[in-house]
Amino acid sequence: MDIVSLLLEAANLMLTGMVGVFVFLSILILAVKNLARFAGPELTCDTSDRAPSKPSTGVPSDHIAAISAAIAQHRTKK
Amino acid sequence: MDGLLNLWQATGLANLTFPALIMMAVGCGLLYLAIAKGFEPLLLVPIGFGAILTNIPVAGLSEPGGLLYYVYYIGIDSGVFPLLIFMGVGALTDFSALIANPRMLLLGAAAQFGIFATLFGAIALNFVPGFEFTLKDASAIAIIGGADGPTAIFLASKLAPELLGAIAVAAYSYMALVPIIQPPIMRALTSEQERSIAMPQLRAVSTKEKILFPLMVLSLTILFLPAATPLVGMFCLGNLMRECGVVDRLSNTAQNEIINITTIFLGLAVGSKLAAEHFLTVETLGILVLGALAFSIGTASGVFMAKAMNRLSTNPINPLVGAAGVSAVPMAARVVNKVGLEANPHNFLLMHAMGPNVAGVLGSAVAAGILLALVG
Chain A
1 MDIVSLLLEA
11 ANLMLTGMVG
21 VFVFLSILIL
31 AVKNLARFAG
41 PELTCDTSDR
51 APSKPSTGVP
61 SDHIAAISAA
71 IAQHRTKK
Chain B
1 MDGLLNLWQA
11 TGLANLTFPA
21 LIMMAVGCGL
31 LYLAIAKGFE
41 PLLLVPIGFG
51 AILTNIPVAG
61 LSEPGGLLYY
71 VYYIGIDSGV
81 FPLLIFMGVG
91 ALTDFSALIA
101 NPRMLLLGAA
111 AQFGIFATLF
121 GAIALNFVPG
131 FEFTLKDASA
141 IAIIGGADGP
151 TAIFLASKLA
161 PELLGAIAVA
171 AYSYMALVPI
181 IQPPIMRALT
191 SEQERSIAMP
201 QLRAVSTKEK
211 ILFPLMVLSL
221 TILFLPAATP
231 LVGMFCLGNL
241 MRECGVVDRL
251 SNTAQNEIIN
261 ITTIFLGLAV
271 GSKLAAEHFL
281 TVETLGILVL
291 GALAFSIGTA
301 SGVFMAKAMN
311 RLSTNPINPL
321 VGAAGVSAVP
331 MAARVVNKVG
341 LEANPHNFLL
351 MHAMGPNVAG
361 VLGSAVAAGI
371 LLALVG
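Residue numbers (this note's numbering), protein chains in the order written: chain A, 1 to 78; chain B, 1 to 376.
Calculated directly from the structure, the hints in this document are not laboratory data.
Glycine included, each C-beta is placed from N, C-alpha and C at the ideal position.
Just so you know, not all the hints are guaranteed correct.
[Unchecked claim] Here are the simulated PhoX-like cross-link-like pairs (lysine-lysine), alpha carbons at most 20 angstroms apart as the crow flies:
hint	chain 1	residue 1	chain 2	residue 2
1	B	158	B	208
2	B	136	A	33
3	A	33	B	208
4	B	158	B	136
[To be verified] If the Cβ cut is set under 8 angstroms, some of the chain A residues that face chain B in the computed set are:
hint	residue
5	3
6	10
7	13
8	16
9	21
10	24
11	27
12	28
13	36
14	39
15	70
16	71
17	72
18	75
For reference, chain A alone in the conformation it holds in the complex:
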């Protein structure tokens, strides 16, 4: 086969190939958009009705400081 006809065939392949890739991926775009419609994330991350965070314990902070200082001292003695 001579080069010119091979070139024509290659050009043809280039055209069909690019059209093929674009068509396939465009269909995929539509499919993904539809997927988002029925399987997308629920947009109910409303944080306003969340209960205000409470302090976890009723222990005053200076007590905690004293206890942790005591623990640290005990560990260093060891």
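Once you've looked at the hints, dock chain B against the given chain A.
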């Protein structure tokens, strides 16, 4: 005296040919690039060593009966290794950036122009005396532009096995050179202002979407391009294992053990194709040139497509992300992020570039399927 002569005949020294010596030097060069320069070491170490092993005289490692012959025959001739790697890549890929912004698929499609333009270029190279590429050869060479090692090896093993060594080496070398090849093209085709465009934050993606995505891609491939189902199917299997959340053990195995074991043998088998008589030809030189051309055209067409989309779309699109459409995951996306940060230090494009980047993987698998269907 005869015994001594026979012993001499059995030594490497007596049988070493000059071309084989050059190929061993090429193997050592690949090892140097991998070890000292850090270029794709996971592949170039086994490939470089395979190149040395295959050129050892007398031992005949790549002849029927030799280890490398069987590794090649079982793994690459059958197409199994690239597909196993593709499963692992699927298990490593997070599609959320693409699902959140599916238009990025267009960038992955545009960058495949590098493949088809190179196909044309490879045939045009036949005008130069010494080159005789058939349409099959040209297609296998062009897929280097897909910047996807397993896809390139898969297609080359089907269409042009004798060129596989050069194609695989070119594909992996250029993937390692993405940070050098791409930025000048990206800078030349965009203005400072375009490069600093910030893109809106991506939406959250639900688990259900992530699970359904690979199944949907597979169904579309079954319907429209069954020739691409070996690649896309294994890729989707890996991705489904990752996202479904019930087979973490399998997903981890695909991402680590399987991909690692396969990489060792894939590299060796590719290296075994670097025998002097196949590699030291003028065609190899042509393949290296065409591969660089394919990468550059792919990068440029991705950037152009992103520019066009930026003009037409209401949401701003930074043209740089188009360059990530060539796949080469995640290197190309990192390069986009880096070039974007140079223009605007507060603009992190990595997540936005991951969309076209994984779209590029799908795009090159689809392009490979089309080439297989039309040329194979």
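A closest beta-carbon separation below 8 angstroms is what the hint needs, so does residue 70/A meet it against chain B? violated (43 angstroms)
Residue 28/A as an interface hint toward chain B, with CB separation required under 8 angstroms: holds (6 angstroms)
Let me know if the C-beta of residue 21/A comes in closer than 8 angstroms to any C-beta of chain B, holds or violated. Constraint on residue 21/A satisfied, holds at 5 angstroms.
Quick check on the hint: residue 39/A CB to chain B CB, less than 8 angstroms? Result: holds, 4 angstroms to nearest chain B Cβ.
Is the straight-line distance between the alpha-carbon of residue 158/B and that of residue 136/B 20 angstroms or less? Satisfied, since the Cα-Cα distance of roughly 9 angstroms is no more than 20 angstroms.
Would the stated hint for residue 75/A survive a check requiring a Cβ distance to chain B of less than 8 angstroms? Violated, about 38 angstroms.
Using 8 angstroms as the Cβ threshold, decide whether residue 3/A counts as touching chain B. The hint holds - residue 3/A has a Cβ within 8 angstroms of chain B, the shortest such distance being about 5 angstroms.
Taken at face value, is the distance from the CA of residue 208/B to the CA of residue 158/B at most 20 angstroms? violated (36 angstroms)
Holds or violated: is the Cβ of residue 72/A closer than 8 angstroms to a Cβ in chain B? violated (40 angstroms)
Holds or violated: the hint that residue 36/A contacts chain B, with Cβ atoms closer than 8 angstroms. holds (6 angstroms)
Starting from residue 136/B, check that the Cα of residue 33/A is at most 20 angstroms away, please. Violated: residue 136/B and residue 33/A sit about 36 angstroms apart, past 20 angstroms.
Would the hint on residue 13/A stand, with a C-beta cut-off of 8 angstroms toward chain B? Result: holds, 6 angstroms to nearest chain B Cβ.
Checked against the numbered hints above, the structure breaks hints 1, 2, 15, 16, 17 and 18 and satisfies the rest.
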